[in-house]
Structures are given as C-alpha cells and as structure tokens.
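Number of protein chains: 2
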Amino acid sequence: MDEVMADPIDKFIELYNRDCALNLTLDQLHGKEIYECVPEEHKDKVWEYINAEGFFRDLKVIPDSQEVIKALTEKYEVFIVSAGMEFRNSLIDKFDWLQDHFPFIGWRNYVLCGDKSIIGADIMIDDRPKNLITFSGERKLLFTSPHNVNILEFERVSTWKEVAEKLL
Amino acid sequence: MDEVMADPIDKFIELYNRDCALNLTLDQLHGKEIYECVPEEHKDKVWEYINAEGFFRDLKVIPDSQEVIKALTEKYEVFIVSAGMEFRNSLIDKFDWLQDHFPFIGWRNYVLCGDKSIIGADIMIDDRPKNLITFSGERKLLFTSPHNVNILEFERVSTWKEVAEKLL
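For the protein sequence lines, the chains are A and B, in the order given.
Just so we're on the same page, my numbering is the position in the first sequence counted from 1, plus 430.
Just so we're on the same page, my numbering is the position in the second sequence counted from 1, plus 430.
Honestly, the hints are just simulated from the structure, not real lab data.
Hints may contain errors.
Each pair may be met inside one copy or between any two copies, as identical chains are not told apart.
[Stated by the list, open to error] Heads up, simulated SDA-like pairs for lysine to any residue below, C-alpha to C-alpha not over 25 Å straight-line:
1. K505 to V587
2. K490 to N561
3. K500 to I480
4. K473 to R538
5. K462 to R538
6. K500 to E516
7. K490 to D523
Between the sequences and the hints, there should be enough to build the whole structure, so can you do that?
So this is what it looks like as structure tokens:
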C-alpha cells in the first residue's frame, strides 16, 4: 500500500514542515529514508506521526493506481498486502482507506501483516527490496519510491502506467 | 486465532443467554454453526456481537495454547494468521489480545487477512475446513471446534496437547 497505492511521504513532508517550520522537499529524500533526512532532534517526530491514529486514513492515492488495479482485477486475483502491523493504529485506517478508494477489491483480499515472507503468490509489486528478496513467486516488480531509486537488483516500475504495460 | 487460540463461542453463549434470557449450551452447538442454533429472530444478534468493538478483546485463551505455541516457536517459525478482516472492529482487538496473551510472538508474525489461500507456509492448524482445503503446505491439522466435529477429511487435533505430541 504505502508508496505504491497510498502516499505517506507527501503527508509526512506537509506535517513536518508545518510543525518544524522547515522546508523539507521530495528531492532531498532521493535515495534516502525519511528518518535519514531529518536532524537528530526530530527523529522521534517521524515515529510520532506514523503511529498517530488517523495518519494513514487520508493519504493521497498514487496516480493511476485505481484504474490500473481495477483492470488487473479483471485478469488476476489481486490481494492488497500491507506490512502495517508495525503500527497498531494504522490497521483500521488502512481498512477504511481501502474501502473508500478501492471499493472494487473486497475485504477478503486485504492482508495486514508484519513480514511479507508469509505471502504465497505469483507476482509481487512492492517498493521494499526486503519484501521482494523473500518473495517466492515468479515475478517481482520494484515500484519506484525515493528510498529505492539506487537499487538495481529488480525489474523496476516507476508508475502504474508502466505496471499496466507489463501486466495487462 | 478464533476457536484455536481464543474462544469466541464461550463469550457468545454468555452474552446471548444474558440478553435473550435463554439457555443455549455448548452441547447444542455440536456439529453446527452458532447462527444455526438461534431462532430466526435472533440471527442478527450473532453479527451484532461479533461486529461490536471489544468483542475480541477479552476472549478466554484456549487451554494449553500459550505453552504449546511457545514451545513451537523454538522449533518452527510460527505465524498467527486470523481471517478477521470480515470484522473491521476486530483488527485492533486482535492485535492487543495477542500482545497480552502471546507476548513471545512479535507483531512481525501476525497476519490479519480475509482469505487464507494467500498464505504460503508448511503447516497449518485451523478449525475451518475451507482454510485447509486451499492451503498448499505439506501438513494440515484440523483443530476441533463444535462446528467441525463431523468433518472426516483432515488429520484432527482436539487439544493443544495433541498438537504438541504431533509437532514437538
């Protein structure tokens, strides 16, 4: 979900700049994790935001994800798998967000977990190399996100239009 | 989780008898689902209870599950997989219940899903034949629960002590 279907980075930057009166930009996140881009004294803020109730409830939808995933559901059995278990308060937010923005996928096909190595499927689209490394399926697509731009090991997709070209 | 690690039936019977001044017993559930054991006019109650916030928060722990699962974690990589996605309000209750009663299993090994066919593992212990039927792993153990007593298709375990005998 995050950084593939939903955009937590956009919301983090907005909150962070508001609260810390700074000017963090998306460009500064190139090749880095968020917590690497904030000074030591603000590192707790990252966790505070992400752990807050409601953080994941109103994230922006990644462009074209709705249209392409809808088309994918006509050709594949699509499951939405999110490693949201790290953040207790994200669970219901993620459920509600999916119901709002991806109503064509039912709750039967939602998975909230901590470690995606338990998932048995054929194709995985994910922004985290660690999830693709442990995936046993036949095809692994790395969805571009600021933190993974320097990773070369996987077949990369930078937009949902590219996913459509490859899988539809 | 439910009917294997946690006991929702015990709580359901207690609430139902309290609210409807009836005397539903565990014996009457033999070979049946709960909703088959209540009169037509009470069927909504089943869903009302299960959908309520807090229903899954204080369920009793199934006897010996803590000790045996702790021992299993020393020999196997144990994931707790619950098809709780049907009940939005169960998600955080289930998370908190696991933290309380199974603190030796971390959130990385929790999975809340809707359909367990997405799970890739070697052994599954479950009370629902539908979950074992779609499971691709090598060993399937049907954990006895009132609704499944007449099912003959699977290797059966009736207590966690039996699980220990088979897997430890």
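Status of the hints after comparison with the structure:
1. K505 to V587: within (19 Å within a copy, 39 Å between copies)
2. K490 to N561: Within one copy only: 23 Å inside, 35 Å across.
3. K500 to I480: Neither: 28 Å inside a chain and 31 Å across chains, both beyond 25 Å.
4. K473 to R538: between (36 Å within a copy, 22 Å between copies)
5. K462 to R538: Cα proximity of K462 and R538: across copies only (23 Å, versus 34 Å in one copy).
6. K500 to E516: between (28 Å within a copy, 21 Å between copies)
7. K490 to D523: For K490 and D523, only the intra-copy Cα distance (13 Å) is at most 25 Å; the inter-copy one is 27 Å.
The structure fails hint 3 only (numbered hints given earlier).
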